[in-house]
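Peer 1: For reference, the chains in residue letters:
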Amino acid sequence: MEFKIANKKIGDQYPCFIVAELSSNHCQKYDLAVKTIKAIAKAGADAVKLQTYTSDSLSLNIKNKYFPIAKEGLWKGMTDYQVYQKAFTPWDWQPKLKKLAESLGLICFSAPYDNQAVEFCAKMKMPAYKVGSPEIIDMPLIEHMALQGKPMIISTGVANLNDINLAVKTCKNQGNNQIVLLKCSCAYPTPLEELNLNNIIALKKKFKTIVGLSDHTLSSNVALAAVVLGARLVEKHFILDRKLPSQDKDFSLEPAEFKNMVESIREVEKALGRVNYQFTANLQAARKGSRSLFVVKDIKRRGRLTSDNIRSIRPGDGLAPKYFKKVLTKKAKKDLKKGTPLKWKDLQNL
Amino acid sequence: MERLTKLIAEILRISEKEITDDLSINNTDTWDSLKHMELIVVIEETFKIKLTTEEIVIMVNMKAIKQILKNKGVNIKNGD
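Chains as they are written, first to last, in the numbering used here: chain A, 1 to 350; chain B, 1001 to 1080.
It is worth saying that the hints were derived from the structure and are not from the lab.
Hints may be right or wrong, so weigh each one.
Said to hold, decoys possible - Below, simulated EDC-like cross-link-like pairs (lysine to aspartate or glutamate); rule was C-alpha separation at most 20 Å, straight line:
| hint | chain 1 | residue 1 | chain 2 | residue 2 |
| --- | --- | --- | --- | --- |
| 1 | B | 1035 | A | 317 |
| 2 | A | 331 | B | 1055 |
| 3 | A | 338 | A | 317 |
| 4 | A | 325 | B | 1021 |
Claimed, not checked - Derived DEER-like restraints, expressed as beta-carbon distance ranges:
| hint | chain 1 | residue 1 | chain 2 | residue 2 | range |
| --- | --- | --- | --- | --- | --- |
| 5 | B | 1032 | A | 321 | 14 to 20 Å |
| 6 | A | 275 | B | 1053 | 31 to 37 Å |
| 7 | B | 1070 | A | 321 | 31 to 37 Å |
| 8 | B | 1048 | A | 283 | 37 to 43 Å |
All figures in this text were calculated on a predicted structure; none of them were measured in a lab.
All C-beta atoms, glycine included, are put in the ideal place defined by N, C-alpha and C.
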């Protein structure tokens, strides 16, 4: 399975596609958003991800038992509606931010949270659509996104197997097979023991899509492990400085940390390489220093080869050690001096 | 002298006189696990037989070696 997000190929044979999530880390200051995107480009990400919604996309501006005020945590004293009001990325910024990102070599796409947002993203010609974890059960919304014919990046944080199955089917029913399923945990930040990264392997096996990770831990090792397990897209929140008053700061990486994560991923990818039993030039040379059978005590002509006068030692000029038992049933055709690499031509049957 | 005795003497580097039915891996210093393997390989090659793992494990004294070779139909007196 492989396809392109904008001009970049994604799939088993390609490097991991690394996404920096801007989220609300712009603290609703346009200048900060611009600065953050510039830093994202410098940190080596492939793409920047925006969120396209308003408070009305997600909630209602009322207070009742279904829309309560948070009693604790990052958002204490606020209703969800109020949180979204503080966190959303103003829509008039988005075409400008996309243009900026592209001028810096980044791919820019978004997670639209309602139909209006999907239309808005389509107008901006977003090259991919992200389905956030809470949206995975909103099939009409997924259908609308899938219809745009662009890759669908789907977080599975709060989804059970049936939900994922239905979401994947919904995309495919719209003729859209360009699917990336992201392992994700919706605990912010995620305790490592709740992560179960091994699900990445299971997701890939079961759904045969490209798989990845939406990482809400504060560790960059988690992304590395995900890449080893087969993740070909990693998404991670990016913030200029964790001292900023953003709701997402506690699970966002700062520029130096993000850059370090990108470099580590690239390093690990290089080391992972591909399945290869062919020798490189280096290995071929090293193989010559490998073991083989040598005469370790002088053997007279017609003398028997025994475990006393033949041993497997370095270097590799003699017969391979696998013939050790076989040569014990031979005798020397001629005098063999200690230090001679053993060769079939010098041996005969007992 | 029978071929088996000669062969064992050669491999274990002991004199043929020392080779009695009592000779065993437990009372012969030169008969270690490597030598045992060598002994088995050479016996198989010399008498053109195949020994099973169970037989190889039992053949740790002269008496057992003779008995197993006999069971395999080897004429020890004449060599092969």
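Peer 1: Against this structure, judge whether each hint is valid.
Peer 2: Evaluation of the provided hints:
no., hint, verdict
1, B:1035 x A:317, "violated (25 Å)"
2, A:331 x B:1055, "violated (26 Å)"
3, A:338 x A:317, "holds (14 Å)"
4, A:325 x B:1021, "violated (26 Å)"
5, B:1032 x A:321: 14 to 20 Å, "holds (19 Å)"
6, A:275 x B:1053: 31 to 37 Å, "holds (35 Å)"
7, B:1070 x A:321: 31 to 37 Å, "holds (34 Å)"
8, B:1048 x A:283: 37 to 43 Å, "holds (41 Å)"
When held up to the earlier numbered hints, the structure conflicts with 1, 2 and 4 and fits the remainder.
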